[in-house]
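Protein chains in written order, with my numbering: chain F, 1 to 522; chain U, 1 to 175.
Keep in mind that the hints were calculated from the coordinates and are not lab data.
Here the structure is a predicted model, which is why all the values come from computation and not from measurement.
Each hint should be verified, as a subset may be incorrect.
Unchecked claim - Here are some of the chain F residues that sit facing chain U, going by a computed Cβ distance under 7 Å:
(1) A20
(2) T22
(3) W27
(4) D453
Said to hold, decoys possible - Quick look at which bits of chain U chain F covers, simulated, 3 or more residues with Cβ under 8 Å:
(5) 10-21
(6) 27-39
(7) 48-60
(8) 112-119
(9) 123-134
(10) 155-169
Note that the Cβ used here is the ideal one computed from N, Cα and C, for glycine as well.
Letter by letter, the chains look like this.
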Amino acid sequence: MSEQHNIDQIFSAAAKGYSASTPSGAWGRMDAALKAKRQKRRLTIWFVSVGLGILASILGLWFYNSANNHSTIETESNIIESNTTNFESKADNANNEITQQNNNNEQATANSLNKEDLQNSNNENIEEEIAKESIIDTQNSDTELDNSNKKNATKTINKEVAVIGLSSTNNNRLPAKHSEGNNADNNQTEEIAVIEEVNLNNSYEVIKEDSAENNNREIVATDVIIESDSISESNQTENTVAEITIIDTLGTEEAINPSDNVSETETEEIQKLADPVYIPNVDKFKMGLFFNIYAGVSLSNGASSEPYYTNFKMASSPQEYGASSPNIGFNLGFRISKKFSVSLGMKRYNHVIKGDFSMPDKRVTHINIDKFGYTSLGYYSVDNINNAMQTKNFNTVEYLREFTQTKVKLRFVEIPLNIGYNMYWRNWAMTAHGGFNATFVLSNEVQVGDDSDYYLYGEMQNLRDNIFGVSFGMDISYYTKSRFSFGLKTDFIYYLNDINTSDDFKFHPYSFILSPQIGFRF
Amino acid sequence: MKSLEKIIVGCRKNKAWAQAELFEMFSDKMFGICLYYSSNKADAEDLLHDGFLKVFENINKYKSDNFDAWMRKVFVNIALMRYRKGKRMSTVEEIENVKGISNVVFENTQIHSDELLAMISKLPAQYKMVFNLYAIEGYKHKEIGEMLEISDSTSKSNLSRARKILQEQLNEYKV
Chain F
1 MSEQHNIDQI FSAAAKGYSA STPSGAWGRM DAALKAKRQK RRLTIWFVSV GLGILASILG
61 LWFYNSANNH STIETESNII ESNTTNFESK ADNANNEITQ QNNNNEQATA NSLNKEDLQN
121 SNNENIEEEI AKESIIDTQN SDTELDNSNK KNATKTINKE VAVIGLSSTN NNRLPAKHSE
181 GNNADNNQTE EIAVIEEVNL NNSYEVIKED SAENNNREIV ATDVIIESDS ISESNQTENT
241 VAEITIIDTL GTEEAINPSD NVSETETEEI QKLADPVYIP NVDKFKMGLF FNIYAGVSLS
301 NGASSEPYYT NFKMASSPQE YGASSPNIGF NLGFRISKKF SVSLGMKRYN HVIKGDFSMP
361 DKRVTHINID KFGYTSLGYY SVDNINNAMQ TKNFNTVEYL REFTQTKVKL RFVEIPLNIG
421 YNMYWRNWAM TAHGGFNATF VLSNEVQVGD DSDYYLYGEM QNLRDNIFGV SFGMDISYYT
481 KSRFSFGLKT DFIYYLNDIN TSDDFKFHPY SFILSPQIGF RF
Chain U
1 MKSLEKIIVG CRKNKAWAQA ELFEMFSDKM FGICLYYSSN KADAEDLLHD GFLKVFENIN
61 KYKSDNFDAW MRKVFVNIAL MRYRKGKRMS TVEEIENVKG ISNVVFENTQ IHSDELLAMI
121 SKLPAQYKMV FNLYAIEGYK HKEIGEMLEI SDSTSKSNLS RARKILQEQL NEYKV
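The whole structure should be built from the sequences, with the hints applied where relevant.
Encoded structure:
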């Protein structure tokens, strides 16, 4: 026992005080590794900073727009309220005129809102009496209104959807005040005018006020949609007249800006509102910037064939397989028209190729450190085998024969320039895109090991610094009511250059990339 | 040369000068440890590399007073990790071309520490690990069993056999 204890003591004392001179080059190797780590750290910090900066910009823009919308809404509410009063009084006046004319058994003449249609309506039945209701509901509009800027105010109204309905006297939706006033003057006549703006965040909707007797509707105003289901039902004569009444409410607008006329573009806008598959959120950004950020998985190809020159007597990768790796990137684009867009971006991803490792069957007498082996991408060196080879009595070849696989990892930064063709269906957009990519090889690494781990490290030789490729793909996005969209991005990239400068290797990488993406429209 | 405290502070800030100074200060001693836990010089050099990288990465976690002991522990842990990883590769090599700086002659044995190291290096890998962890680092069999993923009894048995081999070698020197 004491002898055992003595042995422990001898070796313990020897080991604890033992030191040996560090091999030359140890610090050089360490320094290189530390520098690489620092560079990686700097790149990470740079990417994170850029990412945060972009995120902050997006959020800033979003909050700025939200704040603007909020103040605009308040301003608009005031303006629209005052306009409502004007409109109501106009409608009352018009109605009074009609009633007076009806009572006089004269052909109805056009009122200040729409003379012709009301004439038609009144021609059917002179005894008909019209009840009138005006409900004006204004909720929102997204254009900034400035009391001092009447043009802006007019544009706001242009985006409203108004429904004016002429209904029977039995309509219970009459505002008490309004209906009482009319009933007092004319028990048989009511005119209901409904103006309803349903636009919240640029979303439009047409409210229908159809009666049982009449489903006819017509979009009638250039900047205000007026639906009039006019049913004049006479309680006394049972003579029902239903008619589409077109009411020109330009007078309402003129109350705000009498001099401002409706342009063709605005007319077109209004017409689009009637399109059931029309997406104002998308179409509004006919021209404008958009930004997409995405992160996903890229799948790369392995070797398609043996190297051109196969008379190598070195370690090889006879069978290669593609592998997946994460990718992250962004695109900043410009929508040229509703259908077309261009974008420029940056993408960071790895091209990973795994392969079987094979030592030559013949007797290996020496190993070239700089051209230790080859894959379809080219020759590769190994760094740490050098130390093993210096060791006495160490059978390097036997050591190497235990390895089974290689992994080549190329780190790319890519600048994609794409043209997109956009197709829309309701809130969905599908973008087919294609373009060119300039790809820069940041670094490359080769690893050699067995099934459980990699032990040897090196790098590919004679790789190009940059290669060019073509890409095409399809994105599917869901457009929310806000400026954000969410979707899935696919890309197929095929590189036009050989990645290796050596004539012995003719490897064209290609990648398939699948990434969820978030978009923002400015 | 700057004080150890300043160097550690510099390393925590990822300063290249501090890392160089720390390496200069401790590399010989740590290489000695690496040789004890490696089967050959190349492995020892790799262990030295990995060990220092680990030290630089984790230097923020260092809180105790004895930096030397903390570093030693980091290196031993790396050696254990590598041992577990490379269990299947039993390449045996005698470390006999290494010249120690602190080549002390032990009074009662008349053996240089380099020769003691060479004796340990000749031990089978698992015996060597068990012996180092028990006799030099002072771990218990239960702890060694967990570290090397073996049972307590295997650890005891390995230690016993390692001692026996070493004793035989020592006896040869005495003769």
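Fill in: Non-conforming hints, listed in increasing numerical order
Nothing - there is no hint that the structure violates, so all of them hold.
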